[in-house]
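Kindly produce the complete structure, drawing on both the sequences and the hints.
Number of protein chains: 2
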Amino acid sequence: MELISKLKKVNKASRQLRLSTTEQRNQVLKIAAELLIAEQKSILKANAQDLKNLPSSTPAAFRDRLTLDITRLGHMAVSLLQVAELPDPLNVETEKRQLPNGLLLRKVRSPLGVVFMIFESRPNVAIEAFSIGFKAGNAMILRGGKESQHTTAALYRILKAALKQADLSEDTLLGITDPDRKIVNQLLKQKELIDVVVPRGGDKLIEFVTENSLIPIIKNDRGMCHIYIHEDARPEMATQILVNAKTQRPGVCNSMETLLIHEKIAATLLPKVYEAMSPFHVRWYAAPRAFKILKKFPMVNVATESSWKTEYLDFAINCKVVNSLEQAIDHIQEFGSRHSESIVTSNEVTARKFQQEVDAAAVYWNASTRFTDGFEFGLGGELGISTQKLHVRGPVGLAALTSERWLIDGTGQIR
Amino acid sequence: MELISKLKKVNKASRQLRLSTTEQRNQVLKIAAELLIAEQKSILKANAQDLKNLPSSTPAAFRDRLTLDITRLGHMAVSLLQVAELPDPLNVETEKRQLPNGLLLRKVRSPLGVVFMIFESRPNVAIEAFSIGFKAGNAMILRGGKESQHTTAALYRILKAALKQADLSEDTLLGITDPDRKIVNQLLKQKELIDVVVPRGGDKLIEFVTENSLIPIIKNDRGMCHIYIHEDARPEMATQILVNAKTQRPGVCNSMETLLIHEKIAATLLPKVYEAMSPFHVRWYAAPRAFKILKKFPMVNVATESSWKTEYLDFAINCKVVNSLEQAIDHIQEFGSRHSESIVTSNEVTARKFQQEVDAAAVYWNASTRFTDGFEFGLGGELGISTQKLHVRGPVGLAALTSERWLIDGTGQIR
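Protein chains in written order, with this note's numbering: chain A, 1 to 415; chain B, 1 to 415.
Don't read these hints as lab results, they were simulated from the structure.
Using N, Cα and C, we set each Cβ at its ideal position, and we do this for glycine too.
Be aware that one or more of the hints could be misleading.
Here are a few chain A residues that face chain B, going by a calculated C-beta distance under 8 Å [what the hints assert, rightly or not]:
1. L105
2. N212
3. P216
4. Y364
5. W365
6. G394
7. S403
8. D409
This is how it looks when you write it as structure tokens:
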């Protein structure tokens, strides 16, 4: 009951936010940037508490993602200022038309309303998510991982203080720090009070939200990305793209997990690709024909059926030799997660066929899959990468956090 | 298991459909139009069977909605030809941008994939839904009400024959005529094989789908529409709009259910509105102040709390006198279904405030709510009226049945 009454306040705040000006919203973001720096001591203290509470068995990578320092706080402040500089997505007309009867139709971007974002480990996501969702005129409910509860609580205090200083309701943000998962489940049923849920995290979180939510979802699912090297690919270009897509930052969703290569080029190119990746100590999981070519090298294993479904997010790669473009597309349709897929070929007809048939948020020709990102795409940031087909595919930027309504002006028209 | 293997075939057909040409899809629609007329005898025979199976207690309006005759078949054929004439929504570029690194980004409309439409009673929805969904490149799963099962089965046979004649897979359409509701529930779990569910029908159907679906939904919910008459409204314009919105076709979702009127104009205008509607024998449900003004007339009742939530779809109206624009907006935010709302006022500032604050798919100034319709909006038809905020609000036209993907052309770009 207490939760519902809090939600009703958030809902009311979201209505007030519809009337806010661009300047007012930007001011909140700028004040929050200042407060992040001014209040660094209390934030870092809260963060130290979270780090202290981690079991000693916690992997170093996890501990690192949770850790804040003055540099990271600085980056968070800068990102707030960058979002403040972005054009306001609200009240933009995306369509305008006068009907023969004189009615003037305009399709106009408006806030979605109340956005519930669920994220894991990295506490800076709280700042990113709030800045983008709020800039688009939405009241935000944020729920981070339980390991970061003290840090996120400190960040929520900063954001609420900024709202207050800019004369907006503190209820515009509801930060959930209670680690009990039951609360998430309760929130997922409140379809009258929450407009969208945005889960961002591992498979289990996405599955949990999909199974339990009565609220529409913007899903940021896994990135099982492929690159297909066609027989006519330029070997150097192919090698550079593969090395980049696998090794530049393997822990992110737009990195490549599986290399598909045409049989006519496999025997000569695969060893070169292997050598180009060798400084990164990449583990290979190869289907029989690829294994035959690579078996003389260390760290080359035989792929199993589960390899093709595995998002390593690490220095590991699947590899398969295919007979044709069609076979490559078949493999991608079967195992891809509709995130980012790429073909390297010198032939435009081949590239267009690949782009037409492969159903993914981003389909590349002669480029690394690593570009699927809100900043890279020029959207000025993102709340995640959507792998669903409704509403938004790929980077979830400001416009994706609005909804387009019809405003119609008449002079007494009737039917 | 049999159902899953059928679904897999539909999914495969949807992949083939990605490669179809505009002409090929239009040809299917034209052949189907011809077959509807050529095969009228078998369709009407199936329809007679359905009508015969209706219990004798069936309301006349329901029986009428289910009934087909040669005129209605003709209208269905014409609507197929009209959809064939519409521009192809596929492969349209909605954004195009070159990044500083040379990457060319295009956002392109592509099919959603497999669309599952659930509808009730009127069998012509099967033809409308197929034509719009298929034109947008989607394989369609259709499920009508059990009362129309023989009629829809005959229509599915026609559509499949048209697909076959145009060299497309008959699996592009899966018509479910089995009246067992368990099948719907099973289908709603197949998130790997179905991309979108479009329920169109009463509250119970929408609720059932929302509760049970793991697949994203385009919801066509109820239309609890209001018209607010501000103190400065021109009385004749207000009266005309109110009569039109309530009586021109009360059984549809964009008709008005509740009239809100400013206290300064209520005493003079309400009796005029009542008289203008009196030829239609409208029942009134009035809040105390409105009741005081109207109690001398017949068919005027005191409104109860449940009145404000009741979508009559009939010659019945709620009426409430309000103190201010704000009070009108509050009432709409509390009871409206986010479908269509209208204000009648002579003041643009008042109108813009109403349009900004009222969160609905279509917000009118000085016009009847009855215009919220795919044909009226110039979208060339519709699959329904979406009352949700994600993906599409208002009439669900061809573009709303596509998804926008990013296609990116490079020359070897890496990060």
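Worksheet item: Of the hints given before, which are not true for this structure?
Response: 2
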